[in-house]
Each structure stands twice: as C-alpha cells, then as structure tokens.
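S.K.: Protein chains in written order, with our numbering: chain A, 6 to 123; chain B, 6 to 121.
To be clear, the hints were calculated from the coordinates, so they are not data collected in a lab.
Hints are supplied without guarantee of correctness; some may be wrong.
[Unchecked claim] Residues from chain A that face chain B, not an exhaustive set, calculated with beta carbons under 10 Å:
| # | residue |
| --- | --- |
| 1 | Tyr41 |
| 2 | Thr83 |
| 3 | Cys99 |
Values in this document were obtained by computation on a predicted structure and should not be read as measured data.
Here a beta-carbon is modelled for each residue, glycine too, at the ideal position from N, C-alpha and C.
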Amino acid sequence: GAVVSQHPSWVICKSGTSVKIECRSLDFQATTMFWYRQFPKQSLMLMATSNEGSKATYEQGVEKDKFLINHASLTLSTLTVTSAHPEDSSFYICSARGVAGAVRYTQYFGPGTRLTVL
Amino acid sequence: AQSVTQLDSQVPVFEEAPVELRCNYSSSVSVYLFWYVQYPNQGLQLLLKYLSGSTLVESINGFEAEFNKSQTSFHLRKPSVHISDTAEYFCAVSRLSNFGNEKLTFGTGTRLTIIP
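Isolated chain A (complex conformation):
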C-alpha cells in the first residue's frame, strides 16, 4: 500500500519548451502533495506544497510562474516547468501525505523524474 507514481520517469527537452510531470497516489487519498527538487548528492529541497482544490504554496525563492502546480483531485497533482532552461535540469520528486488510517501524517514519495534541458 501507499504507492505514489510519477510520469514520466525521465524527459529530455529543448530549451524554451514546457514540460509537465504527473504525480499520482495510487491506493490512498492525499489532500496534500509536495514537490521537491534534488541536486546531485544533496538532500531534497521543498519547492511547493499543493492542496487539492486550492492554490499551491511556494517556498521562498521558487518562481511560481515558472513552476506551475495543479492539484485537481485527491490523487493527482501536476508540475509544469514552463519555458525550461538548462539550469532547470534536475531530479524532481513528488510526495503525497495520507490523511487517514495507516498512511496518516506520513509523506510517501514517488520514484522521481529526471529532467534534462538541452
């Protein structure tokens, strides 16, 4: 139980294009999902907190117009990197926080998406 999927697992795109990453909680409902970015050999950096049906809350220094987050349902959140540039290349990981039962109070992570911008 408590499985989170991400799609795609990797993507290569040209500079200036937009890329959408999906995050789904497969077997539990999550009113809150989180988006992280991870640089090589470093810990995770929280980018934003996404609540179902409302606007995302971005961390300081994260451009909300560049990293668009939509949380349309209790099982799906999307991150769109708009007008991507090489410096946006990174490993993006989402997580979903369970609200009830054995998954409550706990963030479960997706497998990550490797984005490479040429």
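Given the structure of chain A, go ahead and fit chain B onto it with the hints provided.
M.R.: Positioned in the frame of chain A, the structure of chain B alone reads:
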C-alpha cells in the same frame, strides 16, 4: 522551526557487521520522526516512522530506530547489514499536527556503503 542533524555524511561498514546511523533533531514542539532510504536514481522509500506509542520502531527488513525524547535523537540501527543496504538514508521530522500540509524537515543524509 525544526532542524535535523545527521552528523555522519558517509558510513562504510563491512557486510554482516552492525551499523548505527545517527539522527538528532531540534524542535520547540512535538514532532513525528521518519527514516527514508534512497537508492540511486530513485525516489525516497519510507523505512520506518515514529508517530506515538512504543519508542522502538522496526522495519520489515531488519532496521530499527528508537525515539529518545530526552536526547532528541532517533538513531537508526541494524544488527547485520547486507550489500543491498547500500544507499542514502535520510532522517526527517514534521510537526505533530492533524493538518495535512505539515512540511518535512530533512537531514543532509548519510551514505551507507557496505563493504564485501
């Protein structure tokens, strides 16, 4: 605000030897505690967690951690490690809350390398 300290950035251990990965936290409020493991090019997997109750928690693959409130620690232990335990381990805390949007505060991670 909370903070998490993982003092050991790298821990090399011989196969079948015991290991302890240290985690200390600082918080002015009660917290939930977590250990996550990350294998190369993968997301994080929950290893174990402490929410309440018994201070000793165990995972299905032989790891255990003990919540020590007086020492504000949540060290991870395994009595006998395997090659497959080679990974990055992250300790994390979140505030005790019924709300769903509580953030996780991560430590900087410990790279566990098992030597054959």
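S.K.: Hints first: check each against the structure and report whether it holds.
M.R.: For each hint, the structure was consulted:
Interface restraint check for Tyr41 (chain A): the shortest CB-CB distance to chain B comes to about 9 Å, inside 10 Å, so the restraint holds. Below 10 Å, beta-carbon pairs count as interface contacts, and Thr83 (chain A) has none with chain B, the closest being about 17 Å; its hint is therefore violated. Because the smallest distance between the Cβ of Cys99 (chain A) and any Cβ of chain B comes to about 8 Å, under 10 Å, the interface hint for this residue holds.
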